[in-house]
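The chain contents come next:
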Amino acid sequence: DSGVTQTPKHLITATGQRVTLRCSPRSGDLSVYWYQQSLDQGLQFLIQYYNGEERAKGNILERFSAQQFPDLHSELNLSSLELGDSALYFCASSVAGPNYGYTFGSGTRLTVV
Amino acid sequence: GQNIDQPTEMTATEGAIVQINCTYQTSGFNGLFWYQQHAGEAPTFLSYNVLDGLEEKGRFSSFLSRSKGYSYLLLKELQMKDSASYLCAVRDRDSGYALNFGKGTSLLVT
Chain L
4 DSGVTQTPKH
14 LITATGQRVT
24 LRCSPRSGDL
34 SVYWYQQSLD
44 QGLQFLIQYY
54 NGEERAKGNI
64 LERFSAQQFP
74 DLHSELNLSS
84 LELGDSALYF
94 CASSVAGPNY
104 GYTFGSGTRL
114 TVV
Chain B
3 GQNIDQPTEM
13 TATEGAIVQI
23 NCTYQTSGFN
33 GLFWYQQHAG
43 EAPTFLSYNV
53 LDGLEEKGRF
63 SSFLSRSKGY
73 SYLLLKELQM
83 KDSASYLCAV
93 RDRDSGYALN
103 FGKGTSLLVT
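First to last, the protein sequences are chains L and B.
Residue numbers 4 to 116, in my numbering, belong to the letters of the first sequence in order.
Residue numbers 3 to 112, in my numbering, belong to the letters of the second sequence in order.
Bound conformation, chain L alone (with noise of 0.2 Å):
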């Protein structure tokens, strides 16, 4: 158990749905970060949250939004959902110093169908 928790595990819905994908950071750690990750196109970076404000975006879709709440967990919302949009979403939270990588979550596989 890495310490980050992301719910659900596995989601399946249909394609012009909206999900919401929620993460639980590490005891301590103020920043969330959420990663895509499909077979040919490797870990895309989308958006990071500070201590409950967006520090920096990365190749997020306008169909997509986060926001971090005060307890710290996160939500990654997906709207009028695409096959193309299947995939696996990761959520990482890092300490504030420089010398350490994130810790992961294990994911949420969405299938769009």
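These aren't lab readings, by the way, just hints derived from the structure by calculation.
Don't take every hint at face value.
Said to hold, decoys possible - Covered by chain B, per the in silico footprint, the following chain L stretches (three or more residues, Cβ under 8 Å): (1) 40 to 46; (2) 50 to 59; (3) 105 to 111.
To be verified - One side only, chain B facing chain L, incomplete, derived with CB under 8 Å: (4) Y50; (5) G98; (6) A100.
Cβ atoms here follow ideal geometry from the backbone N, Cα and C, with glycine treated the same way.
Using the hints provided, position chain B relative to the given structure of chain L.
Just chain B, lined up with the frame of chain L:
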């Protein structure tokens, strides 16, 4: 932006040594990381380099040359369980210190 390149696949023999290379181009380099990822699982942190040179951690070592935009991960005494994908990632000041990953090198130990 960033460009991170690493070989797609490598094969090595149990007990041998393998070197996985990574080259990168970035404007605000702030560290290079290596992660291991088994299929369908979360990436796990292996090593971190921010200064030039070699960092050793048990059977794994990682090297960095900032002037050449080059790193490698060295795995010694290979074991079957080392079969996995190895991800090179660069942290960039100019993108909020987010980690940007290469596509990974799939290593098969036979």
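Tested hints:
no.	hint	result
1	40 to 46	holds (count 3)
2	50 to 59	holds (count 3)
3	105 to 111	holds (count 6)
4	Y50	6 Å, holds
5	G98	3 Å, holds
6	A100	5 Å, holds
Checked against the numbered hints given earlier, this structure breaks none of them.
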